[in-house]
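Protein sequences, first through last, are from chains A and B.
Numbering follows my numbering, with no gaps: position 186 of the first sequence is 186.
Numbering follows my numbering, with no gaps: position 167 of the second sequence is 167.
Everything labelled a hint here was simulated from the structure, so no lab data went into it.
Some clues are possibly wrong.
[As the list claims (entries may be wrong)] Below, computed lysine-lysine pairings styled on PhoX-like, alpha-carbon distance capped at 25 Å:
1. A/K204 / B/K2
2. A/K47 / B/K334
3. A/K182 / A/K253
4. A/K253 / B/K169
5. B/K25 / B/K97
6. B/K47 / A/K286
7. B/K25 / A/K334
8. B/K169 / A/K334
9. A/K334 / B/K47
10. A/K334 / B/K2
11. B/K169 / A/K41
12. A/K204 / B/K204
13. B/K169 / B/K149
14. A/K228 / A/K182
There are 2 protein chains.
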Amino acid sequence: MKKLINNPTVVVEEMIEGYVKAYPKHVRQLEENARALVTAKETCEGKVGVLIGGGSGHEPAFMGYIGSGMADGVAVGNIFASPPPDPILEATKVIDKGEGVIYIYGNYAGDVMNFGMAAELADLESGIRVGSVLVTDDVASAPKEEKEKRRGIAGEFFVTKAAGAAADKGYNLDDVVRVAQKANDYMRTMGVGLTPCSLPQTGKPSFELEENEMEIGLGHHGEPGIEKGELQPADQVVDRLVHDILADMPIEKGEKVAVLVNGLGSTTRMELYIMFRRVEQILSEKGIEIHRSYVGDYSTSLEMGGASVTILKLDEELAEFVDHAADCPMYVQK
Amino acid sequence: MKKLINNPTVVVEEMIEGYVKAYPKHVRQLEENARALVTAKETCEGKVGVLIGGGSGHEPAFMGYIGSGMADGVAVGNIFASPPPDPILEATKVIDKGEGVIYIYGNYAGDVMNFGMAAELADLESGIRVGSVLVTDDVASAPKEEKEKRRGIAGEFFVTKAAGAAADKGYNLDDVVRVAQKANDYMRTMGVGLTPCSLPQTGKPSFELEENEMEIGLGHHGEPGIEKGELQPADQVVDRLVHDILADMPIEKGEKVAVLVNGLGSTTRMELYIMFRRVEQILSEKGIEIHRSYVGDYSTSLEMGGASVTILKLDEELAEFVDHAADCPMYVQK
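Make the full structure from the sequences, and use the hints.
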């Protein structure tokens with residue numbers, strides 16, 4: 001697959017360099033560790049730090065979400081691979097303002113290990129309290145009874161948004177963790193994959209699908225989904241995705257939700273709007289109110305083709321946090 | 001090519017439906033014409049109206065740019081085809097607040113004809129003054145001596161931004177036109193294409209390139225570029241693009257610019273940041289200051305692979321307008 005890159009072994013370094021140069025008012029790279037980025041704005045003493053991160057290849061996640069009302073720091077891994085503890089730890093030390101730091105990351109073995117080690121080291125070396133919330137929104141990745149085993153995908157945006165808003169409002173660490181955990185608990189995502197991406201270093205497709213095939217529940221790194229079949233019209237695909245979400249997390253008539261229709265990379269906004277149209281039809285028929293909508297590329301898998309639907313159920317507190325202002329390079333909300 | 005759509009003949013209608021449902025606080029569809037969208041916010045009497053538009057398939061352009069500090073109305077055409085005069089005219093009538101309306105659109109025969117007819121009709125039917133600025137930023141599409149023949153591509157974002165800011169600040173129509181024209185005159189874009197897109201109705205690729213080929217100067221609708229050749233490393237590609245821009249529009253040491261690295265659809269943000277990194281290196285070596293940067297999908301060609309670099313030279317007035325706040329569904333600036 002053709003890519004506009006230089007040396008495949010340094011794509012992440014060159015990407016970070018470009019990113020930091022593009023948004024010097026928003027982000028800065030730590031001298032202590034080139035894979036640790038923090039907000040360029042001064043955050044106030046006593047604010048809980050919000051740290052996110054994971055493998056590269058999901059841009060604009062995660063580095064695009066550094067900014068006020070969202071994350072204070074990001075640890076950047078290699079493509080589809082967790083960052084080691086070092087950048088996590090270094091970012092933690094910088095963004096801690098005396099009230100501790102929350103780690104938000106997807107539930108993948110590597111991330112669990114590395115963020116876990118960093119949390120221990122932060123406590124041991126610097127006495128920094130760390131709370132962790134694992135994102136587990138991917139309905140297709142484990143049965144309902146084992147939600148804690150599910151992978152984290154596009155919904156990480158909402159967990160970060162909720163935690164970022166809570167921290168911005170001066171909540172203490174326990175409360176920021178509680179809010180982030182609630183956002184994760186109140187949220188489900190279902191996705192569909194159409195075409196693979198390829199890693200810069202191998203140039204090989206990450207999985208194979210036939211010319212007219214789709215895969216329901218395909219993971220963000222090409223992990224197998226739950227069903228392969230002939231590509232259906234968008235409405236039928238969305239019906240299936242939303243059905244699976246609502247079967248897993250019932251939503252009553254009159255309840256409010258936030259919706260994210262996320263593109264995986266090469267799927268056009270035209271398709272994403274057509275999908276959103278159907279999500280809106282279904283929810284509106286059920287009397288469920290869409291409080292706020294997000295349509296676009298929020299968390300990609302390089303140039304993978306496909307999309308996901310995330311529904312976040314809103315109580316009063318979460319609605320307030322979803323509405324909270326944010327100012328990141330890749331996401332600004334007034 | 002696989003697409004998440006329903007009936008290919010109504011993709012534009014379904015896209016607009018989804019878009020309007022997703023952003024009801026930002027946009028509304030006119031009852032008079034379903035292809036005419038206007039801002040949902042009340043604009044004040046005496047503000048010059050800013051109307052943009054063109055073919056679909058370039059999302060988030062053009063409908064994503066409706067909002068304060070940007071466009072007040074958009075006329076939506078079929079895929080890669082100009083809208084007819086009707087939606088342009090209907091949107092014009094709604095957004096005119098007594099001080100006239102500026103039309104900003106890319107220099108394509110169909111758009112020139114249809115926006116031209118709408119402008120005449122607006123005057124004849126409703127006595128609305130219309131000023132027009134054709135965007136001609138694509139260096140590769142005609143020689144320097146015939147700049148007025150060039151096509152408009154990603155740079156339309158900057159022309160809309162400048163005009164939207166000027167209108168927001170209460171400039172009269174002549175001055176909004178002057179500012180928009182200056183933005184166009186002070187701006188150049190060069191692009192590279194890697195992989196084709198396909199139209200929903202045909203499913204056929206819009207052009208052909210070999211497995212390891214790129215095309216410099218390829219147009220937004222697959223119009224032939226100026227040079228086909230083997231895919232080069234990103235730095236060399238960017239060197240070529242920026243070289244051609246600066247040869248066409250010299251920029252002196254100490255001058256300020258805004259830079260847009262735009263993805264055509266399936267090119268990853270990782271690649272765009274790597275490209276931006278090189279743009280910054282070149283300009284910084286020449287002592288040219290990047291005042292503000294934009295990296296992402298601002299104007300696509302469905303799922304085409306490739307990217308473009310736009311450089312806008314800033315005088316004091318344009319710098320102020322580039323910095324002006326904007327609040328659109330696809331673009332918010334504080």
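For each hint, the structure was consulted:
1. For the hint pairing A/K204 with B/K2, the CA-to-CA distance comes to about 19 Å; that is within 25 Å, so the pair holds.
2. Proximity of A/K47 to B/K334 is assessed by CA-CA distance (about 22 Å); at most 25 Å being required, the pair is judged to hold.
3. For the suggested pair A/K182 and A/K253, the alpha carbons sit about 20 Å apart, so the restraint of at most 25 Å is met.
4. Restraint check: the Cα-Cα separation between A/K253 and B/K169 comes to about 44 Å, which exceeds 25 Å; the hinted pair is violated.
5. Of the pairs offered as hints, the one joining B/K25 and B/K97 holds, with about 20 Å between alpha carbons and a cut-off of 25 Å not exceeded.
6. In summary, the hint linking B/K47 to A/K286 is not supported, as the alpha carbons are separated by about 41 Å, beyond the 25 Å threshold.
7. Restraint check for B/K25 and A/K334: satisfied, since their Cα atoms lie roughly 12 Å apart, inside the 25 Å limit.
8. Under the criterion of a C-alpha separation no larger than 25 Å, the hint pairing B/K169 with A/K334 is consistent with the structure, at around 20 Å.
9. Note on A/K334 and B/K47: the hinted pairing holds, with a Cα-Cα distance of about 22 Å set against a maximum of 25 Å.
10. Taking the CA atoms of A/K334 and B/K2, the gap is about 36 Å. The hint is violated against a cut of 25 Å.
11. Between B/K169 and A/K41 the alpha-carbon distance is near 28 Å, which puts this suggested pair outside the 25 Å criterion.
12. Taking the CA atoms of A/K204 and B/K204, the gap is near 24 Å; set against the 25 Å cutoff, the hint holds.
13. A threshold of 25 Å between alpha carbons decides the hint, and for B/K169 with B/K149 the separation of about 31 Å lies outside it, so the pair is violated.
14. A hinted pair counts as satisfied when its Cα atoms are at most 25 Å apart, and A/K228 with A/K182 does not qualify at roughly 32 Å.
Figure legend: structure checked against the earlier numbered hints; hints not met, in rising order: 4, 6, 10, 11, 13, 14.
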